[in-house]
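Residue strings, one per chain:
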Amino acid sequence: QVQLVQSGAEVRKPGASVKVSCTASGYTFTSYHMHWVRQAPGQGLEWMGIINPRGGSPTYAQTLQGRVSMTRDTSSNTVSMELNNLTSDDTAVYYCARDGTFCGENCYLSYYFDFWGQGTLVTVSS
Amino acid sequence: HSALTQPRSVSGSPGQSVTISCTGTRSDIATYNYVSWYQHHPGKVPKLIIYDVTQRPSGVPDRFSGSKSGNTASLTISGLQVEDEADYYCCSYAATFTGVFGGGTNLTV
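Residue numbers (my numbering), protein chains in the order written: chain A, 501 to 626; chain B, 658 to 766.
Extracted from the complex, chain A is given alone in its bound form (with noise of 0.2 Å):
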């Protein structure tokens, strides 16, 4: 069965960098892009990014440009997004999030999250 396992909570001060880390299993790392997605305290979804695990440039929010970054490790299965300069408004849930979308050679993403991970508590304070 797909799984995604993320990294466990994590505390920064303002300022500092966090890496946060998504393991997948039960289906074939490569054929599936992923997504990052984050909810700050009483607040909505926010879309994050996306990678493709199988290489080319990740995709970004406009609001994180510049601070963000993804990257992938196939031989371990795992994405990881590292978001640097944090700010209390950076205080959230982060998810990792499957697209369902399968891709062969070529592929049309539907950015839809059919398998999410559990989600990581990022805090940040002095």
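Derived from the structure by calculation, the hints contain no laboratory data.
Wrong hints could be hidden among the right ones.
Said to hold, decoys possible - Calculated lysine to aspartate or glutamate pairs in the DMTMM-like style (CA-CA distance at most 25 Å, straight line): (1) Lys704/B with Asp744/B; (2) Lys704/B with Glu605/A; (3) Lys704/B with Asp614/A; (4) Lys701/B with Asp589/A; (5) Lys513/A with Glu582/A; (6) Lys701/B with Glu546/A; (7) Lys701/B with Asp614/A; (8) Lys701/B with Glu740/B; (9) Lys701/B with Glu582/A; (10) Lys701/B with Asp719/B.
To be verified - Listed next, the stretches of chain B that the computed footprint assigns to chain A, with coverage defined by at least 3 CB atoms under 8 Å from CB atoms of chain A: (11) 689-695; (12) 708-720; (13) 745-754; (14) 757-764.
Claimed, not checked - A few chain B residues that don't get close to chain A, going by computed Cβ distances all over 12 Å: (15) Gln663; (16) Gly672; (17) Ser674; (18) Gly700; (19) Ser724; (20) Gln738; (21) Glu740.
Every residue, glycine too, gets a C-beta built ideally from N, C-alpha and C.
Since the structure of chain A is already known, use the hints to place chain B on it.
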């Protein structure tokens, strides 16, 4: 890209139907049939209930249905049940390989 617009809250009685709207722009909902909906119970992981505007994943009851007209997508839940009480989010592809969520709607049953 601005968030899609959803009503903050809706309510209904058990057995009734409710519809949640999700309004976007020409850059997202109006142009692409890539609208999805998620049910989110507090403290749990969001659950996909509709994708590609109208499609239901296996295991999602047919009480949940989706539609779209112009730049507005809608989620209809018929035969409301107490367990349907949750937050609901729409999401759309928004061109240039980005996605955008709605602000979320709290459903009270």
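So, going through the hints one by one against the coordinates:
The straight-line distance between the Cα atoms of Lys704/B and Asp744/B is roughly 11 Å, inside the 25 Å bound, and the hint therefore holds. A hinted pair counts as satisfied when its Cα atoms are at most 25 Å apart, and Lys704/B with Glu605/A does not qualify at roughly 28 Å. Of the pairs offered as hints, the one joining Lys704/B and Asp614/A holds, with about 8 Å between alpha carbons and a cut-off of 25 Å not exceeded. Taking the CA atoms of Lys701/B and Asp589/A, the gap is about 21 Å. The hint holds against a cut of 25 Å.
The suggested pairing of Lys513/A with Glu582/A holds, with an alpha-carbon distance near 15 Å, which does not exceed 25 Å. With a C-alpha separation of about 16 Å, the suggested pair Lys701/B and Glu546/A falls inside the 25 Å cut-off, and the hint holds. Restraint check for Lys701/B and Asp614/A: satisfied, since their Cα atoms lie roughly 15 Å apart, inside the 25 Å limit. The hinted pair formed by Lys701/B and Glu740/B meets the criterion: a straight-line CA distance of about 13 Å does not exceed 25 Å.
Using a Cα cut-off of 25 Å, the hinted pair Lys701/B and Glu582/A holds, with the two alpha carbons roughly 23 Å apart. For the hint linking Lys701/B to Asp719/B, the alpha-carbon distance of about 22 Å falls within 25 Å, and the restraint holds. For the stretch 689-695 of chain B, the stated coverage by chain A holds: 3 residues have a C-beta nearer than 8 Å to a C-beta of that chain, and at least 3 were required. Closer than 8 Å: that is the beta-carbon criterion, and the stretch 708-720 of chain B has 3 residues meeting it against chain A, so the requirement of 3 holds.
Coverage of the stretch 745-754 of chain B by chain A holds in this model, with 6 residues showing a Cβ closer than 8 Å to a Cβ of that chain against a need of three. By the rule of at least three residues with a Cβ nearer than 8 Å to a Cβ of chain A, the coverage given for the stretch 757-764 of chain B holds, with 5 such residues. Not every C-beta of chain A lies more than 12 Å from that of Gln663/B, the closest at about 9 Å, which undercuts listing it as non-interface. For Gly672/B, the non-interface assignment is confirmed: its Cβ lies about 28 Å from the closest Cβ of chain A, beyond the 12 Å cut-off.
For Ser674/B, the condition that its CB be more than 12 Å from all CB atoms of chain A holds, with the nearest at approximately 24 Å. Interface exclusion of Gly700/B from chain A breaks down, the closest Cβ pair being 9 Å apart, not more than 12 Å. With 12 Å as the threshold on Cβ separation, the claim that Ser724/B sits away from chain A holds: the shortest Cβ distance comes to roughly 16 Å. At the 12 Å boundary, the C-beta of Gln738/B stays outside the reach of chain A, the nearest C-beta of that chain being 23 Å off.
For Glu740/B, the requirement that its beta carbon stay farther than 12 Å from each beta carbon of chain A is met, with the minimum near 19 Å.
Checked against the numbered hints given earlier, this structure breaks hints 2, 15 and 18; the rest are met.
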